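Taking full-length UniProt numbering, I'd label the letters of the sequence shown as residues 1 to 159.
It is worth saying that the hints were derived from the structure and are not from the lab.
Quick caveat: nothing in here was measured; it's all calculated off a predicted structure.
Among the hints, erroneous ones may be present.
Computed Cβ-Cβ distance ranges for the label pairs, DEER-style [unchecked claim]:
no., residue 1, residue 2, range
1, I62, G30, 15 to 25 Å
2, N49, S111, 12 to 22 Å
3, S111, P38, 17 to 27 Å
4, I29, K133, 22 to 32 Å
5, D5, R39, 31 to 41 Å
Even glycine gets a Cβ: it sits at the ideal position worked out from N, Cα and C.
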Amino acid sequence: MSDIDLKKLTFKLDEEIFGISVCSVKTIIGMMNITRVPRTPNYVKGIINLRGKVIPVVDLRIKFEMKEKTYTERTCIIVVEIFNGDNQKLMGLIVDDVSEVITLTEESIESPPEYGLKIQDEFLIGMAKYKEKVIMLIDINKVLSVDEKNLIKDLGREE
1 MSDIDLKKLT FKLDEEIFGI SVCSVKTIIG MMNITRVPRT PNYVKGIINL
51 RGKVIPVVDL RIKFEMKEKT YTERTCIIVV EIFNGDNQKL MGLIVDDVSE
101 VITLTEESIE SPPEYGLKIQ DEFLIGMAKY KEKVIMLIDI NKVLSVDEKN
151 LIKDLGREE
């Protein structure tokens with residue numbers, strides 16, 4: 001694993017801490033007006049216009065089958081780049097709170113447990129111990145299945 005792969009942006013959903021590769025993060029923005037799109041899954045909250053780009057937005061709480069929560073001043077959207085085959089797309093992820101960028105060591109990362117997790121383990125690439133906390137490491141490209149990516153691919157475009 002390269003040094004850049006060990007750099008993670010951490011964020012919270014409920015009291016759980018998650019980490020994603022900083023390489024996939026394009027920007028972090030505060031909550032903004034989201035335009036609802038009919039006939040999309042409930043975790044797709046809609047689309048935003050960010051600097052002339054229309055970006056689909058997914059609420060990770062709903063996608064991970066967690067209890068919905070009213071958005072607060074700490075709620076934000078992490079704009080990430082995901083891959084769908086050979087194509088790269090931008091997608092917004094609604095999270096409760098962005099924490100910090102951390103650098104992990106390879107020794108601190110373990111395989112996810114085979115049972116007992118609240119979220120589906122296909123999203124997880126591992127669990128990391130960092131400053132007395134356990135961080136669930138997510139592969140952002142596996143949060144949506146190929147079918148789900150195809151379903152929302154037409155939502156994101158240039159304006």
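Hint check:
1. As the Cβ distance of I62 to G30 is approximately 19 Å, the hint placing it in 15 to 25 Å holds.
2. Remark: the range hint 12 to 22 Å for N49 to S111 is contradicted by a beta-carbon distance near 40 Å.
3. At roughly 40 Å, the beta-carbon separation of S111 and P38 lies outside the given 17 to 27 Å, and the hint is violated.
4. At roughly 25 Å, the beta carbons of I29 and K133 sit within the given window of 22 to 32 Å.
5. As the Cβ distance of D5 to R39 is approximately 37 Å, the hint placing it in 31 to 41 Å holds.
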